[in-house]
Amino acid sequence: MIASLASRHSWFEATARARLAGLLDPGSFSEILPPAESTPSPHLARLDLPGAFDDGVVVCHGQLEKRPIFAIAQEGQFMGGAVGEIHGAKIVGLLRRAVQEKAAAVLFLIDSGGVRLHEANAGLIAISEIMRAVLDARAAGVPVIALVGGSCGAFGGMGIVAKLCSAIIISEEGRLALSGPEVIETVAGVEEFDSKDRALVWRVTGGKHRYLMGDCAMLVEDDIAAFRSGATELLTGWTEPAPSVANLRASQQALEYRLADYAAYRDGLQVWAALGVAEPDTVPLLDRDSMVALKEGLPT
Amino acid sequence: METLEFRFNSKPAPRAADPALCGVVGSGNLEILVKPGMQPDACQLSIKTSARGFAETWQAVLGSFAASHAAGGTVIAINDMGATPAVVTLRLAQALAEYQGGAR
Amino acid sequence: MSLNDILDKLFPAGHAVAVANQVITGEATTAQGAVAVLGTTDAAAIDHAMALALSAYILDTIERHPGRPLVFLVDTSGQALSRSQELLCLNGSLAHLAQCVDLARRQGHASLSLVTANAVSGGFLSFGLMADRAYALADAQVRVMDLRAMARVTKIAHERLVELAAGSPIFAPGAESYVRMGAIEAIWPVPSASLLEEALAAAGQAAPASDQRQSCAVERGGRQLAEGIAKAVQNAARGA
Chain A
1 MIASLASRHS WFEATARARL AGLLDPGSFS EILPPAESTP SPHLARLDLP
51 GAFDDGVVVC HGQLEKRPIF AIAQEGQFMG GAVGEIHGAK IVGLLRRAVQ
101 EKAAAVLFLI DSGGVRLHEA NAGLIAISEI MRAVLDARAA GVPVIALVGG
151 SCGAFGGMGI VAKLCSAIII SEEGRLALSG PEVIETVAGV EEFDSKDRAL
201 VWRVTGGKHR YLMGDCAMLV EDDIAAFRSG ATELLTGWTE PAPSVANLRA
251 SQQALEYRLA DYAAYRDGLQ VWAALGVAEP DTVPLLDRDS MVALKEGLPT
Chain S
1 METLEFRFNS KPAPRAADPA LCGVVGSGNL EILVKPGMQP DACQLSIKTS
51 ARGFAETWQA VLGSFAASHA AGGTVIAIND MGATPAVVTL RLAQALAEYQ
101 GGAR
Chain Y
1 MSLNDILDKL FPAGHAVAVA NQVITGEATT AQGAVAVLGT TDAAAIDHAM
51 ALALSAYILD TIERHPGRPL VFLVDTSGQA LSRSQELLCL NGSLAHLAQC
101 VDLARRQGHA SLSLVTANAV SGGFLSFGLM ADRAYALADA QVRVMDLRAM
151 ARVTKIAHER LVELAAGSPI FAPGAESYVR MGAIEAIWPV PSASLLEEAL
201 AAAGQAAPAS DQRQSCAVER GGRQLAEGIA KAVQNAARGA
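Protein chains in written order, with our numbering: chain A, 1 to 300; chain S, 1 to 104; chain Y, 1 to 240.
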């Protein structure tokens with residue numbers, strides 16, 4: 001039975017703070033460097049733009065089913081969740097702190113188009129630092145779980161960061177890619193990628209496609225409670241594997257096979273058919289539970 | 001961008017321990033941070049707004065808020081991306097309620 | 001300058017490097033022994049095949065030549081822009097490449113990258129910026145986006161961006177900005193064996209430890225805030 005719509009709180013529409021409030025155990029949210037103790041980006045002010053006190057990201061300590069964890073939540077409504085100097089440094093600081101304190105996990109609520117162009121170099125370098133910090137956390141045994149389902153998805157450098165995390169939980173509404181469809185359309189033409197064709201955009205970058213292909217570990221409803229139970233389920237019994245040649249060899253081989261088999265495809269429908277989905281046309285209509293059943297029934 | 005400063009007399013608000021934040025700096029929206037101030041019967045406001053030339057509108061909206069709510073003893077900082085007066089009024093009420101309700 | 005000229009100047013003692021599909025792989029001799037040489041050429045737009053060729057070569061090096069230093073030559077215009085590339089999760093292949101560079105570091109391989117011509121966004125993130133230290137040749141273009149495109153996206157007048165860029169490494173394109181911002185160690189006037197030897201020696205000595213780019217940025221007057229903010233988050237008492 002699907003939870004009634006009235007009791008559902010859309011992750012997609014919620015602010016970063018509302019997502020955290022619903023994700024963590026009630027009363028456990030404890031913000032680090034809260035808005036009253038921080039100042040908006042001076043770089044935006046120099047460009048005559050108002051900033052946000054938290055620079056578009058909330059970093060905090062909290063609990064998930066009584067497990068002490070850290071969380072990072074990007075605010076997609078502020079500058080597209082894009083990473084500037086302060087925004088990036090807060091994330092890096094939190095990931096380092098999670099290592100120091102041997103946290104049980106870091107939940108990374110990604111909602112970002114990538115580098116904040118207004119602070120381009122600072123943003124790019126910050127993303128590089130976040131990449132290193134995520135891998136440092138994982139190497140120290142701290143799982144970093146990405147949660148993707150916001151209006152800005154996970155794009156640009158933040159798409160890379162998402163794929164560096166231990167696992168990704170995504171909703172159907174979530175999108176995960178490198179270049180945005182608008183960028184590809186602008187550079188390569190509308191025939192290459194029509195960014196206004198929403199159904200196509202979702203078949204190429206959307207949560208169902210990424211889940212079917214195995215790029216995301218878990219597909220959940222667009223519901224804050226569903227992300228919460230998904231994260232809890234994933235972390236129960238999770239052991240972060242030590243970085244090893246064997247694991248990366250296995251990923252290398254999987255990626256090479258995939259490229260050899262699917263390189264010519266341009267639409268999710270083609271990939272799904274090749275994966276063994278009998279009726280690929282029906283995928284966009286399936287609900288979350290049917291998607292999970294479909295994925296689990298696919299030949300491996 | 002324009003920076004505006006206002007001070008209005010207002011009935012003292014119950015003093016809260018923690019600052020409260022409401023709203024997001026997104027298109028047509030704003031964020032409001034309410035902190036305790038030093039003057040119990042005055043509300044001090046500072047605004048950074050992307051829309052220039054609306055000082056009089058801000059004065060009217062904020063003045064009416066300070067008159068109709070007990071907001072004395074607060075310092076309120078606002079980052080605005082073109083919110084309408086209706087949205088500003090709504091967010092102010094939310095932020096003040098959160099500030100008072102958030103006292104621990 | 002052609003790739004061969006660059007290789008001859010960097011490795012006068014000899015190099016055996018192949019280029020296929022704009023991907024450089026091979027090895028070279030230095031005073032400090034053999035190094036792996038890999039990277040991209042001709043402003044490569046990094047796609048799955050390129051990323052996977054680089055990652056495979058890194059994994060081979062880790063397995064066959066433990067501890068051998070990695071020298072990356074970076075010439076990338078960014079990532080490939082196509083629907084078929086995105087369909088197969090291009091960010092995933094770039095992340096895989098970044099993970100391989102990171103694993104090499106953890107297994108004791110010193111690494112450095114040299115931007116020979118272009119270093120742009122996603123392509124730069126996936127390997128050049130993952131190395132222990134990055135360097136750039138004097139005429140290299142290092143950037144996220146040029147100012148005209150930036151003006152279009154941010155809707156800020158181009159003239160205004162040019163004016164601001166003059167005084168701000170935060171968003172002015174160019175290798176010099178990246179030096180001040182802590183991401184590039186130094187600019188080399190020309191490809192030079194002695195500068196490379198010095199860089200390799202420095203890379204070999206420094207512990208493979210932590211990312212120092214934030215503190216470098218403060219010393220060099222680039223990013224003034226990042227280090228302090230990161231430390232504040234690391235050390236702050238938990239808020240209310």
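No lab work stands behind these hints: they were computed from the structure.
Quick caveat: nothing in here was measured; it's all calculated off a predicted structure.
For every residue, glycine included, the Cβ atom is placed at its ideal position computed from N, Cα and C.
Where hints are given, some of them may not hold.
In silico DSSO-like pairs for lysine-lysine, Cα to Cα no more than 30 Å straight-line [said to hold, decoys possible]: (1) S:Lys35 <-> Y:Lys231; (2) Y:Lys155 <-> A:Lys196; (3) A:Lys102 <-> Y:Lys231; (4) Y:Lys231 <-> A:Lys66; (5) A:Lys196 <-> A:Lys295; (6) S:Lys35 <-> S:Lys11; (7) A:Lys66 <-> A:Lys102.
Away from chain A, derived, C-beta distances all over 10 Å, residues of chain S [to be verified]: (8) Phe8; (9) Glu31; (10) Val61.
To see whether the hints hold, each was checked on the structure:
1. Restraint check for Lys35 of chain S and Lys231 of chain Y: the C-alpha separation of about 25 Å stays at or below 30 Å, so the hint holds.
2. Between Lys155 of chain Y and Lys196 of chain A the alpha-carbon distance is near 21 Å, which keeps this suggested pair within the 30 Å criterion.
3. Among the hinted pairs, Lys102 of chain A with Lys231 of chain Y is consistent with the structure: their alpha-carbon atoms are about 17 Å apart, no more than 30 Å.
4. Restraint check: the Cα-Cα separation between Lys231 of chain Y and Lys66 of chain A comes to about 27 Å, which is no more than 30 Å; the hinted pair holds.
5. At most 30 Å may separate the alpha-carbon atoms for a hinted pair to count; Lys196 of chain A and Lys295 of chain A meet this at roughly 28 Å.
6. As the CA atoms of Lys35 of chain S and Lys11 of chain S are separated by approximately 16 Å, the hinted pair is consistent with the 30 Å bound.
7. Distance check on the hinted pair: Lys66 of chain A and Lys102 of chain A sit about 16 Å apart at the alpha-carbon level, within 30 Å; holds.
8. For Phe8 of chain S, the shortest C-beta to C-beta distance to chain A comes to about 21 Å, beyond the 10 Å cut-off, and the non-interface label holds.
9. The beta carbon of Glu31 of chain S is not kept farther than 10 Å from every beta carbon of chain A, the shortest such distance being approximately 6 Å.
10. Listed as outside the interface, Val61 of chain S is consistent with that label: its C-beta sits roughly 17 Å from the nearest C-beta of chain A, beyond the 10 Å cut-off.
Going through the hint list in order, the structure does not satisfy hint 9, though it satisfies all others.
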